[in-house]
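Enquirer: Let's have the full structure, built from the sequences with the hints guiding it.
From first to last, the protein sequence lines are chains A and B.
Per UniProt numbering, the first sequence starts with residue 1, numbered consecutively.
Per UniProt numbering, the second sequence starts with residue 1, numbered consecutively.
If you are wondering where the hints come from, they were derived from the structure by calculation, not from laboratory data.
From the three backbone atoms N, C-alpha and C, an ideal C-beta is built for every residue, glycine too.
It cannot be assumed that every hint is accurate.
What the hints assert, rightly or not - Taking CB as the label site, the calculated pair distances span: (1) A:P365 - B:P363: 43 to 51 Å; (2) B:K75 - A:E254: 38 to 46 Å; (3) A:D143 - B:A241: 34 to 42 Å; (4) B:D208 - A:S267: 18 to 26 Å.
There are 2 protein chains.
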Amino acid sequence: MTTTLDSGSVGIVTPRTVRFDQPLLLACGRELPDVELVYETYGELNPQRSNAILICHALSGHHHAAGYHHEDERKPGWWDECIGPGKPIDTRRFFVVSLNNIGGCHGSTGPTSINPETGKPWGPDFPPLRARDWVHSQARLADYLGIDCWAAVIGGSLGGMQAMRWSLEYPDRLKHCVVIAAAMKLSAQNLAFNELARQAIFSDPVFDDGNYIYRDEIPARGLALARMVGHVTYLSDEAMANKFGRELRAGSLEMGNEDDIEFQVQSYLRYQGSQFSSQFDANTYVLMTRALDYFDLAREYDNDPVKAFSHARCSFLVISFSTDWRFSPTRSQEIVDALIAADRPVTYAEIEADEGHDAFLMPIPRYLRTFSAYMQRVGGDD
Amino acid sequence: MTTTLDSGSVGIVTPRTVRFDQPLLLACGRELPDVELVYETYGELNPQRSNAILICHALSGHHHAAGYHHEDERKPGWWDECIGPGKPIDTRRFFVVSLNNIGGCHGSTGPTSINPETGKPWGPDFPPLRARDWVHSQARLADYLGIDCWAAVIGGSLGGMQAMRWSLEYPDRLKHCVVIAAAMKLSAQNLAFNELARQAIFSDPVFDDGNYIYRDEIPARGLALARMVGHVTYLSDEAMANKFGRELRAGSLEMGNEDDIEFQVQSYLRYQGSQFSSQFDANTYVLMTRALDYFDLAREYDNDPVKAFSHARCSFLVISFSTDWRFSPTRSQEIVDALIAADRPVTYAEIEADEGHDAFLMPIPRYLRTFSAYMQRVGGDD
Chain A
1 MTTTLDSGSV
11 GIVTPRTVRF
21 DQPLLLACGR
31 ELPDVELVYE
41 TYGELNPQRS
51 NAILICHALS
61 GHHHAAGYHH
71 EDERKPGWWD
81 ECIGPGKPID
91 TRRFFVVSLN
101 NIGGCHGSTG
111 PTSINPETGK
121 PWGPDFPPLR
131 ARDWVHSQAR
141 LADYLGIDCW
151 AAVIGGSLGG
161 MQAMRWSLEY
171 PDRLKHCVVI
181 AAAMKLSAQN
191 LAFNELARQA
201 IFSDPVFDDG
211 NYIYRDEIPA
221 RGLALARMVG
231 HVTYLSDEAM
241 ANKFGRELRA
251 GSLEMGNEDD
261 IEFQVQSYLR
271 YQGSQFSSQF
281 DANTYVLMTR
291 ALDYFDLARE
301 YDNDPVKAFS
311 HARCSFLVIS
321 FSTDWRFSPT
331 RSQEIVDALI
341 AADRPVTYAE
351 IEADEGHDAF
361 LMPIPRYLRT
371 FSAYMQRVGG
381 DD
Chain B
1 MTTTLDSGSV
11 GIVTPRTVRF
21 DQPLLLACGR
31 ELPDVELVYE
41 TYGELNPQRS
51 NAILICHALS
61 GHHHAAGYHH
71 EDERKPGWWD
81 ECIGPGKPID
91 TRRFFVVSLN
101 NIGGCHGSTG
111 PTSINPETGK
121 PWGPDFPPLR
131 ARDWVHSQAR
141 LADYLGIDCW
151 AAVIGGSLGG
161 MQAMRWSLEY
171 PDRLKHCVVI
181 AAAMKLSAQN
191 LAFNELARQA
201 IFSDPVFDDG
211 NYIYRDEIPA
221 RGLALARMVG
231 HVTYLSDEAM
241 ANKFGRELRA
251 GSLEMGNEDD
261 IEFQVQSYLR
271 YQGSQFSSQF
281 DANTYVLMTR
291 ALDYFDLARE
301 YDNDPVKAFS
311 HARCSFLVIS
321 FSTDWRFSPT
331 RSQEIVDALI
341 AADRPVTYAE
351 IEADEGHDAF
361 LMPIPRYLRT
371 FSAYMQRVGG
381 DD
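Expert: Encoded structure:
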């Protein structure tokens, strides 16, 4: 077993669960009667409790961000490229907390959890969520862990939106906010792709308005298709050209050989979709994409991002990727412009990368260098 | 009724049908026992028979490109912006021929036609098609109409691919080739979106491997979803931002009002999908997207576009649109580069337009001016 021997890995990690009996009042006005959060930690909390980092996950993410759950695990946590000894979020210096958000399907209270009022899974009756609900539940976790102030709150994509929301909801509880490949709100095109994904799920007769959860079925085809839609938008045209081009997996384009033609990219997408549908909950996917759609950082600040960020007190690192067309560099520049106008300290890097939106998960040298250099500032006396 | 009074309209037009009893040998090696083509013409063929223009349609197009079928028709043909008196394809000068391609579902022989061997609709057994099959059947139509040589063969998107194929299959039968918003082959990203569309159809249980045709059902949800996927890619991020932004059609983003939120863009997409699914045949959609996937202009010329175009003898106009990310200007520039290297006369314009791939159907002033100016060269003594 070589994985744990890797000096850049946090090694074997064990998820923990915390349960809060206090109801959580949600943005929609409803209350979650109790909340369980599953989380992992990497590194050690220092005596001053000043070196804690919160990782916020994206649409389909979870608490397992780094290391391995057991020696035979094939792949490490989803952000292992960035979390570990000597990595940008250096676990020799930081105490890193990564949780599964409420509404998720990896152990925290969500649509697959039991609704105490009915004794059955919440399913489609799970209350709608906003990013601020995640931030509020993450603050409870901070309280529980005795962390008054995060050295940094960090997230990519939907995780970056949570990090920004932290800077407004709890301005005194974070020193740094790292926003990677995110946006202050979705564009119409983004809304459209999320709608396609949800319609793919709704169109699967097994979904049955989310009631599949009460039977022994999953809307596998709809969920696979939804994931395929998402996946295409996470990759760039360039990345797909480099990775697949027009290579065939089966058959031949010679005339007279029509039946078995299969392009590599088709096969790849079907595989990704099918893998995902066996691991993710469809009600959760619907819930998460809606929270993403409804996120609008400045809505209640007169739609003025400068006014919004004038409430923030932390420093910011904003990173975008050149070929990310789901959350393009233009969207990150809007964040930076608003931060500058609001007189907040901000560092910005647009990283040249072919990998599209997925770049934030990739070991791109300038990305890792920039991220690491910024993190040197974090957790000092600032 | 004002539509036919419009001096820029070709007015009321009537489709015609021609039937060829000779079998058509297809690229796949199979034969279509007989072929019916439905077509329309606009303008008059001159005595020299030298002013004929062929219009090749795109994925979901058909023969009805201009004018109205009857006085109460709400919308004119799909390319009415470009075909008519005083328009780029000026029907005072040209005899314009527009047909529904074989494999289509608007009257020409296709999956909804009766297979003479079985007495039932072809359905999923309709032979797979390549763009060259369309070109060969279009040549039969030219023979029937007594047109030895087209003044120009013109198409946008998949239509532009047919126009290019004409220049190689029948180099002596066209003087000009107009290729708008097209490419010499699809990118991996394009293949991926077509795969999503087909998977949406396949996932609809009503589709049943295409056998819905033998029952009184249509896979409406799958086809609607496929169209939604396509539609999102035909529009640009800019066009969607201008057209919809984050405007709501129903509900409110205020906290506590989650149930009825609907963005305009969601509603628009669902409407487009639902309209399409009542008008188009799912087997046809699968067939057409596959022909698009397999199109590769230079494949049998050692994958060398210069070698391919060295067989052409006509002049070319190539047009692209700045925000078209389905067939980007880069793809058009590759066509232009190959034509220049092959020593073919070529005129190229990249048109600034927010409308994405759909721009080729829109009345964009510089587009219409450029197209009109080029068409002045066509049909003279060149």
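Enquirer: Take the hints in turn and mark each one as holding or not.
Expert: Hints and how they fare:
1. A:P365 - B:P363: 43 to 51 Å: holds (48 Å)
2. B:K75 - A:E254: 38 to 46 Å: holds (42 Å)
3. A:D143 - B:A241: 34 to 42 Å: At 40 Å between Cβs, range holds.
4. B:D208 - A:S267: 18 to 26 Å: holds (23 Å)
Violated hints for the displayed structure: none, as all numbered hints are satisfied.
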